[in-house]
Amino acid sequence: MPEYSVIGKRMPRIDSAAKALGEAKFTADLALPGMLYGKVLRSPHPHARILNIDTSRAEKLPGVRVVVTGKDAIPYKWGVFPYTRDYQLLPVDRVRYYQEEVAAVAAIDEEIAREALDLIRVDYEVLPAVFDAEEALKEGAPQLHDDKLGNVSVRIFVDEGDVEGALAASYLVQEDRFSSPEENYCQTEPYAVLANFDSSGLDIWCPNAGPHMKARPLSTALGLPTSQVRVRKVFIGGHFGGRSEISPADFIASLLSQKARRPVKLVYTREESFNCVRQVHACSMLLRTGVDRDGKITAVDTKIIMDGGAYASTGPIAGSVAYLMWEETYRMPNLRYEGIRAYTNKPPRGMYPHHPRVAFAGLEMHLDALAERLGMDPLEMRIRNAVSEGYVTPTKTVIHSCAETETMLKAAEAAGWKEKRGKLPPGRGIGMGCGAVISGFPMGIRGGSAAFVRFNEDGDVTVISGVVDNGQGNDSMIAQIAAEELGLSVSNINLVTADTSVTPADQGAYSQSSTLLSGGAVKEAAADAKRQLFEVAADMLEAKAGDLEARDGRIYVRGAPDKYVATAKVARTALSRNHTILGRGFRWPTVDPKRDWISNPRGQIASTFSFGTAIAEVEVDQETGRVKLLSMIAAHDCGTPINPMAVEQQMQRSAVEAGPQAVLLEKHIWNKGQNLNANFLDYWFPLSVDVPRIEPIIVTSNETFGPFGAKEGGLSITVAMVGAVANAVRNATGVSITELPFTPDVVAKALANKGGQVQ
Amino acid sequence: MPDHKTLLEVLRVDLSLTGAKEGCEDGTCGTCTVLLDGWPVRSCLLLAAEAQGHEITTIEGLSDGERLHPVQEAFVNYGGIQCGYCTPGMILTSKALLDRNPSPTEAEVREAISGNLCRCTGYTKIVESVLAAADGTGSTVNT
Numbered sequence: 001m002p003e004y005s006v007i008g009k010r011m012p013r014i015d016s017a018a019k020a021l022g023e024a025k026f027t028a029d030l031a032l033p034g035m036l037y038g039k040v041l042r043s044p045h046p047h048a049r050i051l052n053i054d055t056s057r058a059e060k061l062p063g064v065r066v067v068v069t070g071k072d073a074i075p076y077k078w079g080v081f082p083y084t085r086d087y088q089l090l091p092v093d094r095v096r097y098y099q100e101e102v103a104a105v106a107a108i109d110e111e112i113a114r115e116a117l118d119l120i121r122v123d124y125e126v127l128p129a130v131f132d133a134e135e136a137l138k139e140g141a142p143q144l145h146d147d148k149l150g151n152v153s154v155r156i157f158v159d160e161g162d163v164e165g166a167l168a169a170s171y172l173v174q175e176d177r178f179s180s181p182e183e184n185y186c187q188t189e190p191y192a193v194l195a196n197f198d199s200s201g202l203d204i205w206c207p208n209a210g211p212h213m214k215a216r217p218l219s220t221a222l223g224l225p226t227s228q229v230r231v232r233k234v235f236i237g238g239h240f241g242g243r244s245e246i247s248p249a250d251f252i253a254s255l256l257s258q259k260a261r262r263p264v265k266l267v268y269t270r271e272e273s274f275n276c277v278r279q280v281h282a283c284s285m286l287l288r289t290g291v292d293r294d295g296k297i298t299a300v301d302t303k304i305i306m307d308g309g310a311y312a313s314t315g316p317i318a319g320s321v322a323y324l325m326w327e328e329t330y331r332m333p334n335l336r337y338e339g340i341r342a343y344t345n346k347p348p349r350g351m352y353p354h355h356p357r358v359a360f361a362g363l364e365m366h367l368d369a370l371a372e373r374l375g376m377d378p379l380e381m382r383i384r385n386a387v388s389e390g391y392v393t394p395t396k397t398v399i400h401s402c403a404e405t406e407t408m409l410k411a412a413e414a415a416g417w418k419e420k421r422g423k424l425p426p427g428r429g430i431g432m433g434c435g436a437v438i439s440g441f442p443m444g445i446r447g448g449s450a451a452f453v454r455f456n457e458d459g460d461v462t463v464i465s466g467v468v469d470n471g472q473g474n475d476s477m478i479a480q481i482a483a484e485e486l487g488l489s490v491s492n493i494n495l496v497t498a499d500t501s502v503t504p505a506d507q508g509a510y511s512q513s514s515t516l517l518s519g520g521a522v523k524e525a526a527a528d529a530k531r532q533l534f535e536v537a538a539d540m541l542e543a544k545a546g547d548l549e550a551r552d553g554r555i556y557v558r559g560a561p562d563k564y565v566a567t568a569k570v571a572r573t574a575l576s577r578n579h580t581i582l583g584r585g586f587r588w589p590t591v592d593p594k595r596d597w598i599s600n601p602r603g604q605i606a607s608t609f610s611f612g613t614a615i616a617e618v619e620v621d622q623e624t625g626r627v628k629l630l631s632m633i634a635a636h637d638c639g640t641p642i643n644p645m646a647v648e649q650q651m652q653r654s655a656v657e658a659g660p661q662a663v664l665l666e667k668h669i670w671n672k673g674q675n676l677n678a679n680f681l682d683y684w685f686p687l688s689v690d691v692p693r694i695e696p697i698i699v700t701s702n703e704t705f706g707p708f709g710a711k712e713g714g715l716s717i718t719v720a721m722v723g724a725v726a727n728a729v730r731n732a733t734g735v736s737i738t739e740l741p742f743t744p745d746v747v748a749k750a751l752a753n754k755g756g757q758v759q
Numbered sequence: 001m002p003d004h005k006t007l008l009e010v011l012r013v014d015l016s017l018t019g020a021k022e023g024c025e026d027g028t029c030g031t032c033t034v035l036l037d038g039w040p041v042r043s044c045l046l047l048a049a050e051a052q053g054h055e056i057t058t059i060e061g062l063s064d065g066e067r068l069h070p071v072q073e074a075f076v077n078y079g080g081i082q083c084g085y086c087t088p089g090m091i092l093t094s095k096a097l098l099d100r101n102p103s104p105t106e107a108e109v110r111e112a113i114s115g116n117l118c119r120c121t122g123y124t125k126i127v128e129s130v131l132a133a134a135d136g137t138g139s140t141v142n143t
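Heads up: the sequence lines are chains A and B, in that order. Each step along the first sequence adds one to the number in our numbering, with nothing skipped, and position 433 is 433. Each step along the second sequence adds one to the number in our numbering, with nothing skipped, and position 130 is 130.
Calculated from the structure, these hints are not laboratory results. Glycine included, every Cβ here is placed at the ideal spot set by N, Cα and C. Be aware that a few hints might be false.
Simulated coverage check for chain A against chain B, where a stretch passes if three residues somewhere in it have a Cβ under 8 Å from a Cβ of chain B [what the hints assert, rightly or not]:
id, stretch
1, 233-243
2, 677-684
Just some of the chain A residues that point at chain B, by a computed CB distance under 10 Å [unchecked claim]:
id, residue
3, Arg10
4, Ser16
5, Ala646
6, Gln652
7, Val656
8, Pro692
Which bits of chain B does chain A cover? Going by a derived footprint, with three or more residues having C-beta under 8 Å, they are [claimed, not checked]:
id, stretch
9, 25-35
10, 63-72
11, 76-83
12, 86-97
Just chain A, with the same shape it has in the complex (with noise of 0.2 Å):
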């Protein structure tokens, strides 16, 4: 790696301070004057026609100042896609959901808002409602939507090679059927919207991947132009996928501002946030992997169902991760998927790291299942079988860097994984799990990010861009990036990030691309400005232009140092020349216009590819089923770090993430629509005493396109450690379970179906 200043530093982030303090605001501590407060109506229905909403009674309360039913706003069915808009974000006619939203109220506090809910009064036509995704695919089931028969949301299908035929030719085939429920985000900040409408339009704050992409939405509900919707830049406390679409809050926030022209703050309660957000599909999959007699790949073919929920969401993007992922991590000839996401009636789902969880512990306990019939180690299987640079997956998509050999070689190393695999004490087990991650993938003309530099009056800088700052340090990364590329030390960097009112258009924090693409766009822009001050220091400095570096404040001579000028100095000069030094900048994804998620699964699918391996070593009690984590190692490649500190924090988290919760401990529990476990006493997660500390080991690989070689920061371990530990509780246990998560009474009971046998 070349001799940065800043970039591959270990730094503090730029907003911790603030965090520390208590300053950093969230959306539910700010207030405006005159501020209303929200609350909504929920349907005590699955599934139902409402056939009159009579609002009279609480319009009447004193203190309220207005009631809002879909029957105020236009006529709009929202979708990511364009063929997916199925969303009414006030429904009108029918709920699908139990508390689906129905009316609002907004009133001068929230006891009242609260009260008004009462007074208004709901007659309903109950209809039959389905809350299993395989009971919604059979003929005869109650119909979600009108337009999509057998409650078909998004079928995804590729048929590579010839799977029937590999799968007959194989050595050996492993197949199973594998089960997962419904998990939830879990954002510590519960949802919340302050919505403020006047005569300049809407200023909305409200936890978000993107606020660009919020923008867009709300306006086209509102009737407002688009520029006139501002999403303004807030302290989000997490998204994790399930914050990146607009929500039916932003909307039915906006909405009762623009009709009570003052500003109305609506903040979810911990069970709304479990339930009229995003949830985590539940899934079912058959899965038949296929090996020659060296262990290598024949062909993988699979069948998956995912419960959607009641509307669409992110369908085509869900419905396609998990084929993505293993053709990105393995080497397999033949590749054969079936996605098909159902409706139910329940609450919408949307993407999630690890989805599906079933396809990473899948394919990852049958290349161990596999690897020990044919007497071979775990870890040779894996790399026998790994992408390497220049590899063509079955769908078209070329790898590029690459380094996820090293990242199994320097996992394993660090685990002891030769001195452990088949030499621990009964009840003990160690496993291991790889996994890739798509970085910048298509999303058509929104799929891009643009960024400003401005030299300020005394020397400093300010970064205008879209990228948004969840928690995962996206602000502190673009600031390590422009302070790099314009020779500053972070500290004279400041930003303005994710306004709408401010910022050109951003990607969003999904598809692993704000330090791709939005870093990307603010190097372009930091280039920009710096060639706009050698012009002015090249002057000054009488010497050549393209002979100018920048470094620790100042603009010099190459290899002559001693002939310099302070930055600062170079901008203020260009002021008293009457010129501005404004440096802008765009980074898009390189990849295929003609892949379509749906009807062309074919061709390059995103820029660039992160690799990880991660190895996870469990003990398991005999008697209860209790699965206990003694270790966690992750190894992920992710091009070059920009700051290792944050990488290992995004490391960490996919850790814990993929081991303890996915595999674990998170499932909702049903009972005819209604979720029976929306809080934190009755959804199990992680706490501090249930995880190790995770090792964190970076690995670099030789990436062209991301900003001074960066990927992205850490994901691959939420796919990688899935298997790592479905693998361990497999190596302590002898059994592979096909049931997730792995609480204590299904390992138990797996264990007693056993005989009790341990390997």
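Starting from the known structure of chain A, arrange chain B on it as the hints suggest.
Only chain B this time, still in chain A's reference frame:
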């Protein structure tokens, strides 16, 4: 002050001290944590009336003007903060631990903060931050 108001409501609404957060309504998440006579308590479960006569420390009261308290500094320097929502509660709980037990083991740290939920960090760097605050290394960046 109405009898039914919780300490959390009075802090956030009447006193505009929004460092203490609301996260769960049932006292499980710990984002509302403040110190009452030095002990971490759930301000969402405490009536403001019950707090009268006691010393309440919120996150805003920890720093000295712009100077961060050593625990705050350690969290900043050791990467113990990501989205920041659990941070005020987490820091106050950690401070209370170190006031009672200046050299905790890792297990004691994890036990002490087991009532503060975090979804962003996986807890590793939070534990490292608290241990760094304990042994004095938290005042410089963890390289």
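Against chain B, is alanine 646(A) within 10 Å by beta-carbon distance? Result: holds, 8 Å to nearest chain B Cβ.
Taking beta carbons only, do three or more residues of the stretch 76-83 of chain B come closer than 8 Å to chain A? The restraint on the stretch 76-83 of chain B holds, since 6 of its residues have a Cβ under 8 Å from chain A and three suffice.
Examine the stretch 63-72 of chain B: at least three residues should have C-beta closer than 8 Å to a C-beta of chain A. holds (count 3)
With a cut-off of 8 Å between beta carbons, are at least three residues of the stretch 25-35 of chain B near chain A? It holds, with 5 qualifying residues against the three required.
Coverage of the stretch 677-684 of chain A by chain B (three or more Cβ within 8 Å): Holds, because 3 residues of the stretch 677-684 of chain A bring their Cβ atoms closer than 8 Å to Cβ atoms of chain B.
Against chain B, with CB atoms and a cut of 10 Å, does the hint on arginine 10(A) hold up? OK, holds: arginine 10(A) within 10 Å of chain B, min 5 Å.
Verdict on chain A covering the stretch 86-97 of chain B, where coverage means 3 or more residues with a C-beta closer than 8 Å: Three-residue rule met by the stretch 86-97 of chain B, so holds; n is 4.
Interface hint status, proline 692(A) versus chain B (Cβ within 10 Å): holds (8 Å)
Does glutamine 652(A) pass the interface check with chain B, least Cβ-Cβ distance below 10 Å? holds (4 Å)
Mind checking the CB of valine 656(A) against every CB in chain B and telling me if the closest is under 10 Å? holds (3 Å)
Can you confirm whether chain B covers the stretch 233-243 of chain A, using C-beta to C-beta distances below 8 Å and requiring at least three such residues? As far as the stretch 233-243 of chain A goes, the hint holds, because 5 residues have Cβ atoms under 8 Å from chain B.
Evaluation of the interface hint that places serine 16(A) against chain B, nearest CB under 10 Å: holds (4 Å)
In this structure, none of the earlier numbered hints is contradicted; all agree with it.
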